[in-house]
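The residues making up each chain are set out below.
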Amino acid sequence: MNRSVTEIPAYDVVGLTARKSAGGATFELSVPRLMIARGEKVALVGPSGCGKSTLLDLLSLIAAPDAVGQFRVDCGYGAVELARLMLDGRVNLLAAIRRRSIGYILQTGGLLPYLTVRQNIGLSCRMLGIPPHGRVEAIAERLEIVSQLDKLPATLSVGERQRAAIARAVVHRPAIAIADEPTAALDPLNAASVMRLFVELAAETGCTTVIATHDVHRVERLGLRQITPQLTAGESARHVRAVFLG
Amino acid sequence: MIRDIGVIIGLSTRDFVHELSLSTCAVLGIAAILAPLLVLFGLKFGIVSSMTARLAADPRARALQPIGQGRFDGAWFATLEALPQTGFVVPATRFLAATATLRNPKFIDSQALTTELWPTSRGDPLREPDEKPAPSIDRVEPLTYTVALSAAAAEALHAAVGDRLEGRIGRSYNGNREALSLRFAVAQILNAGLIDRKVALVPLTVLAAVEDYREGIATPEFPSAGAPPPESRSSYASFRLYARSIDDVEPLRDWLARHGVEAATRLHDIQALQQLSRDLTSLFLLISTLAGIGTLVWIAISSLSTVARKQRELSLLRLVGFSTGCVAAFPIVQAVLTAVIGVVLASLAVLATAPVIDRMFNGQLPPGARVFRLHPSHFLVAVLITASSAAAAASLAGIRAARITPSEGLRDE
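Chains as they are written, first to last, in the working numbering: chain A, 1010 to 1255; chain B, 593 to 1005.
No lab work stands behind these hints: they were computed from the structure. Idealized CB from N, CA, C, for every residue including glycine. What you were told as hints is all true, and nothing was included just to trick you.
Facing chain B, a subset of chain A residues (Cβ under 8 Å, in silico):
| hint | residue |
| --- | --- |
| 1 | Ser-1062 |
| 2 | Ile-1071 |
| 3 | Asn-1101 |
| 4 | Arg-1107 |
| 5 | Leu-1115 |
| 6 | Gln-1116 |
| 7 | Gly-1118 |
| 8 | Gly-1119 |
| 9 | Leu-1121 |
| 10 | Pro-1122 |
| 11 | Ser-1133 |
| 12 | Arg-1135 |
| 13 | Met-1136 |
With the hints as constraints, model all of the structure from the sequences given.
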């Protein structure tokens, strides 16, 4: 079941700005316009510190922008305009959208240490009231971690943990999957297979996918649309501006 | 929302179990504070309630003894008896007239004993201190009566229940000394400690007849010479009065005072006990407030440090879409769990030590009394108070947890 990319945008963002400052250095993320179609697979590519993670946090509704003109998201229930909610800090409304429709995969540590792998993967299903049985096993089979299901995350290898984290993020079939350097902590061999499995899984469910990575070659091979920020230094080297356009 | 709270309670509990050694320390910490508090409270409750019970069971604590003598008629007694505070009242004659010389013929060489005669009737608290019905004290046949002896009288006469005593009532009549012989069957011997004096409790009719006899008035009760009696006895010089409960002593004393009768009571003992109860309660509250503040501060701080330590996991909960309220509930659930298990543990420890404490005080208590007592509701109250205070103390950590933004703490950078 390979649903094709549609013309309907999953994200349609206009005029988004987010600033960060630490130790006198300032960083400004600027997104004049970003359109990601439903079912599309996008890679944010660039060196670390270029604002990829910041943009992912904005797209997954966990960070608030400093300014935004339009932030339309379509999770399969019609487009909703979230700019106002984000600026007003309505975090619980945004969390309710995130729990159903956005799966987030971190570089490491996307699992609760006190739950077994099975319970971790089934967490979103439990929150949504979906019976997790069958689904958890199926996705574990797909990610080759069936034998690890009843173990605690601490007893798994880094690669197994990352597969479990991917399973946890997409088992309830969110409309959008967001991954921040999902394979950066893995050895190259593992990294290749995990990335391939993730993209395949996303393709099978027709899930809109946004991956941040510094590994251009891998995403090229997997056929993702690449968005690379333009970095400009401000009046001093301590002021960096990253512009994402796509 | 309710499902989310359910899931959060489950997650928080799993985490609590997962970090077993830390959780155990926290639980033991709470139990270590609560156990001595429960012991202290149990001692306070046990001491006060056993002293109260002892006082309430002691009829002398409820006695109101008129000072001096008066003239109390039937209407006055009817009014007194009808008062809700009155437990028992029986008229009495003049003290001086109310004596008899008793002898126990079972022992040939037994000494004659001058005994006070007190009136009694059904429901006399001295004869029924433990609410058991006492044998009736009445006339058996002319000049023969059943009596109840005080322990001191019984001892002096070497008398046991069933013994028949010989009694002599002496008088001076028309210049001659003469005496009347009566027989008394011992029906009951009162508990030691109720009356220290040598007393025989007799029916009021006997007492009234003895008084008449000594005053030279002819009485149908005893065949003896005397002036003709009045149509009916118009008044009595005194009475024996007991309040219904120890709390009724004061109003009854005040009622008597309003009617010009001064009465000796043991109100002082009752008030001293009530004061002791209040003082012990204040002491307990003071100590538990100090311990409580310490506990609350400790729970608050340890919850805050837990939130700081688990920032990453709490961020993850926000990331998967839990509301801020749910994330706030996470440390609160653990604080409440710690508190409840701590109370249960402390209660078990206290229940285990209770017999030891009771044994320590064993010799100093009347049989059946326990110095250490806790009611099941006390444990329930302890659980509720501790759980709600723990929740309150952890709410600061809850607020801190709710403020964690999903993006902080998630990355190692």
